[in-house]
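Enquirer: Both chains are sitting in their own frames, so use the hints and assemble them into the complex.
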Amino acid sequence: ETGVTQTPRHLVMGMTNKKSLKCEQHLGHNAMYWYKQSAKKPLELMFVYNFKEQTENNSVPSRFSPECPNSSHLFLHLHTLQPEDSALYLCASSQGGIEGEETQYFGPGTRLLVL
Amino acid sequence: GESVGLHLPTLSVQEGDNSIINCAYSNSASDYFIWYKQESGKGPQFIIDIRSNMDKRQGQRVTVLLNKTVKHLSLQIAATQPGDSAVYFCAETFRGRRLYFGRGTQLTVWP
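Line order of the protein sequences matches chains A and B.
For what it's worth, the numbering used here labels the leading residue of the first sequence as 96, then goes sequentially.
For what it's worth, the numbering used here labels the leading residue of the second sequence as 925, then goes sequentially.
Errors might be hidden in some of the hints.
As the list claims (entries may be wrong) - Straight line, CA to CA, 27 Å or less: simulated BS3-like cross-link-like pairs of lysine-lysine:
(1) B/992 <-> A/117
(2) A/131 <-> A/147
(3) A/131 <-> A/113
(4) B/992 <-> B/980
(5) A/136 <-> B/966
(6) A/114 <-> A/136
(7) A/114 <-> A/131
(8) B/995 <-> B/980
(9) A/117 <-> A/136
(10) A/131 <-> A/117
(11) A/113 <-> A/136
(12) A/136 <-> B/995
(13) A/136 <-> B/992
(14) A/114 <-> B/980
(15) A/147 <-> A/117
(16) A/114 <-> A/147
(17) A/113 <-> A/147
(18) B/966 <-> A/131
(19) B/966 <-> A/113
(20) B/966 <-> A/147
To be verified - Some chain A residues well away from chain B (every beta-carbon gap over 12 Å; in silico):
(21) 106
(22) 110
(23) 114
(24) 121
(25) 123
(26) 143
(27) 157
(28) 159
(29) 160
(30) 162
(31) 165
(32) 181
(33) 187
No wet-lab data here; the hints were simulated from the structure.
Backbone N, C-alpha and C fix where the C-beta goes; we use that ideal spot for every residue, glycine too.
Excised from the complex, chain B in its bound form (with noise of 0.2 Å):
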């Protein structure tokens, strides 16, 4: 079964405001995460990962907090824009084997 989930399927965000997209992990020695884009008719681009020792990690736009307490993963997006509509995995792996996939949150940006 999936060791990766997520607390909600759809996400709707006014343009402009700020998105944020939690995802919850099963395996406690998972120690390497990785959050992944997946536009219309696209395959998932990778947006940005963080490692088990550390809490939070910034890359444009877009912020990845740890939560190894409580196996929690969440995505902020700043400033959410129309181009950010997409599905968004998160994925997990120990020491570099398999990655376990979530089902994914569909994004919605409206005007």
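The shape of chain A in the complex, shown without the other chains (with noise of 0.2 Å):
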């Protein structure tokens, strides 16, 4: 247990399907982050959020909506999403900060297939 939880560890969607991703830390960092882990390709960060503010988008179509209530959870939702989404998305915590403590920790994935 990395202290990174995340839910669902399995989803199938189809593409007209609205669907939400959930993550909660419980290392009391303040920085989250959402990566993308298609096959053989390297992790794609998506969206980091330090102290509940968005601080990266890296230029991730639309139809992935993040959401960070506060430094414990982030959400992803999902909408009209195409076969080419179909990955593992990784949430990720950190200590956060201005340069803050670098090293990641890492949930288990969500198994998304979209149809």
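Expert: So this is what it looks like as structure tokens:
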């Protein structure tokens, strides 16, 4: 256990569905991240939140919408996804701050399949 | 584009042997490096880290070596066990900003 949990662990959705991924960290961290992991590709950073404020959006399509209500919770709202969005979506957290601790701790991921 | 890469995408070793996984990075200003292990069906797990003011750091059965001259990072696993089978990623960062990950090396340990 890394102190970062994600739900659901597996999700199958149609292209017209709306679903949300949830991440929770129990480490007292201030920064949270969403990554996309596709087969045979490096981890792709999607969003970064630091003290609940979005500090980075890595040119992610608007069909992905993040939400960070507090430093412990992070959501990724999904709507009208495409089959190429099928991937493992990983959440991570770190101490954060201006030049905070860099080590990121990952959750187990949500395996998403878009039909 | 990515700034961190790996020399070999796969590595097979016999149980009990030592494993060496290599990583090249391109940003000479990077000051912090991390190795992660990702087992099938799980998220990446922190293994060991090293700062740029160090050349070597040891953990339990793992050692990370940093050669800043040639911008090369390696992870050595002693007495490799079946439980070490996983994908190993290196990551780099500069001043605590975003991490850049390589594609990973698949380590397979056979009896």
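Enquirer: Verify this label for me: residue 165 of chain A is non-interface relative to chain B, using a Cβ-Cβ cutoff of 12 Å.
Expert: 21 Å, holds
Enquirer: Please check whether the beta-carbon of residue 160 of chain A is more than 12 Å away from every beta-carbon in chain B.
Expert: 20 Å, holds
Enquirer: Would the pair residue 136 of chain A and residue 966 of chain B pass a check requiring their Cα atoms to be no farther apart than 27 Å?
Expert: Holds: residue 136 of chain A and residue 966 of chain B sit about 16 Å apart, inside 27 Å.
Enquirer: Over 12 Å from every CB of chain B: does residue 159 of chain A meet that, or does the non-interface label fail?
Expert: Consistent with the label, residue 159 of chain A stays out of reach of chain B, its closest Cβ about 18 Å off (over 12 Å).
Enquirer: Confirm or reject the statement that residue 114 of chain A sits farther than 12 Å, beta carbon to beta carbon, from all of chain B.
Expert: Consistent with the label, residue 114 of chain A stays out of reach of chain B, its closest Cβ about 20 Å off (over 12 Å).
Enquirer: Take a quick look at whether residue 113 of chain A and residue 147 of chain A sit within 27 Å of each other, Cα to Cα.
Expert: It holds: about 23 Å lies between the C-alpha atoms, which stays within 27 Å.
Enquirer: Between residue 113 of chain A and residue 136 of chain A, does the CA-CA distance stay at or below 27 Å?
Expert: Holds: residue 113 of chain A and residue 136 of chain A sit about 26 Å apart, inside 27 Å.
Enquirer: Tell me if the straight-line CA distance from residue 966 of chain B to residue 113 of chain A falls inside 27 Å.
Expert: Answer holds: residue 966 of chain B to residue 113 of chain A is near 25 Å, not above 27 Å.
Enquirer: Does residue 106 of chain A really sit off the interface, with its C-beta more than 12 Å from all C-beta atoms of chain B?
Expert: With a cut-off of 12 Å, residue 106 of chain A remains clear of chain B, as the shortest Cβ separation is near 15 Å.
Enquirer: Does the structure keep residue 966 of chain B and residue 147 of chain A at a Cα separation of 27 Å or less?
Expert: OK: residue 966 of chain B and residue 147 of chain A at ~26 Å, within 27 Å.
Enquirer: Next pair to validate is residue 995 of chain B with residue 980 of chain B; report whether the Cα-Cα distance is within 27 Å.
Expert: Holds. Residue 995 of chain B to residue 980 of chain B sits at ~14 Å (cutoff 27 Å).
Enquirer: Is it true that the CA of residue 117 of chain A sits at most 27 Å from the CA of residue 136 of chain A?
Expert: Given pair residue 117 of chain A, residue 136 of chain A holds - Cα atoms ~23 Å apart, limit 27 Å.
The earlier numbered hints that this structure contradicts are 1, 14, 26, 33.
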